[in-house]
Amino acid sequence: MLYIPVAFRRSGKYALLLASTLWVASCSTSSDPAPAPPVPPTLPPVALPEHLTLGNPSGATADEQQPTNFLLLKPQYALSYHRDRGIPNWVSWHLTQAHRGSAARQDDFRPDNTLPAGWYQVQANSYSGSGFDRGHNCPSADWTSTVADNSATFLMTNMIPQAPRNNQQTWANLEDYSRAQLSNGAQEVYVIMGSYGKGGTGSNGYKTTLDQGRVTVPARIWKVIVILPTGDNDAARVSASTRIIAVDTPNDNSINTNWGQYRTSVDAIEAATGYDLLSAVAPAVQQQIESRVDSGAL
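All you need for our numbering is the position in the sequence shown, starting with 1, plus 714.
Careful, some of the hints might be misleading.
Pairwise CB distance ranges (calculated) [claimed, not checked]: (1) S968 / Q1001: 16 to 24 Å; (2) D821 / N887: 18 to 26 Å; (3) A996 / N918: 42 to 50 Å; (4) E778 / Q926: 17 to 25 Å; (5) A886 / V861: 17 to 25 Å; (6) R824 / G919: 23 to 31 Å; (7) R824 / A776: 32 to 40 Å; (8) T944 / L787: 31 to 39 Å.
Everything labelled a hint here was simulated from the structure, so no lab data went into it. If you're wondering where the values come from, they're calculated on a predicted model, not measured in any experiment. Every residue gets a Cβ at the ideal spot worked out from N, C-alpha and C, and that includes glycine.
The task is simple: from the sequences and hints, build the whole structure.
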């Protein structure tokens, strides 16, 4: 029992002291539960743009301070642009039957005015007389649902200097084959195309650059095609049995028109470019599909 002198108990201070003592005692019991820590909010997963569903191969961003790996997002495709080479590093797009229609080829080659201010814009005539085609990465014939869609494929940021035989025969055959895999809507296709190295041989011989050095002629041109049955959650549906076609060709006018003989593995393209292709696919699946060389019927 707490002893309190009589004189002190007769003062008003006694009542205040007693109340304080009882309050402290009531707050110091060992049975009080500890306060629960706050529950952090659950954030929804970040959704990638449609044309980067399977990953962003070089981690490109729309940052003007990264001019050699600058991300451009179009409704029809996504690309990493290299300002100093005047061509894309890679272009990625999702192809479905809905993108195919009756729109005519527009042939309206033009500079891309969405590039940051002060950057050189490659012109429609920048390849003129060079012996190289204005080679599409994302093909015109993949986007024929509307005139606007087809026109978007003619921006010069979607072009590379491509040897005519490579562009008009070998690559055209591969593009036709890619579209045929849609099987009238039963399947959908993801395509990533890019180039690397410097120096190719067109119809006028070997060149390393065009347009007073502002456009680099690549040495190699590659493509990766992922074929899936039509559905949702595409990156999660890529499995060890998914057909992956990887092709790497020389940018040379003497190239064979049979693209099948240039098939390679995704791993080999990654080793040559430093990119991480199909990075949104489960790592265990990547290990299986990226080491294979396609042997399917052409």
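Checked hints:
In this structure the supplied range 16 to 24 Å is violated for S968 paired with Q1001, their Cβ-Cβ distance being about 36 Å. At about 21 Å, the CB distance of D821 to N887 agrees with the hint of 18 to 26 Å. Separated by about 47 Å at the C-beta atoms, A996 and N918 satisfy the suggested range of 42 to 50 Å. The beta-carbon spacing between E778 and Q926, approximately 23 Å, falls within the hinted interval of 17 to 25 Å.
Between A886 and V861 the beta carbon distance is about 22 Å. The supplied range of 17 to 25 Å therefore holds. The hint said 23 to 31 Å for the Cβ distance between R824 and G919, and at roughly 28 Å that hint holds. Hint check: R824 to A776, Cβ distance near 21 Å, so the stated range 32 to 40 Å is violated. Checked against the given bound of 31 to 39 Å, the beta carbons of T944 and L787, roughly 23 Å apart, lie outside it.
Of the numbered hints given earlier, the model fails hints 1, 7 and 8; all others are met.
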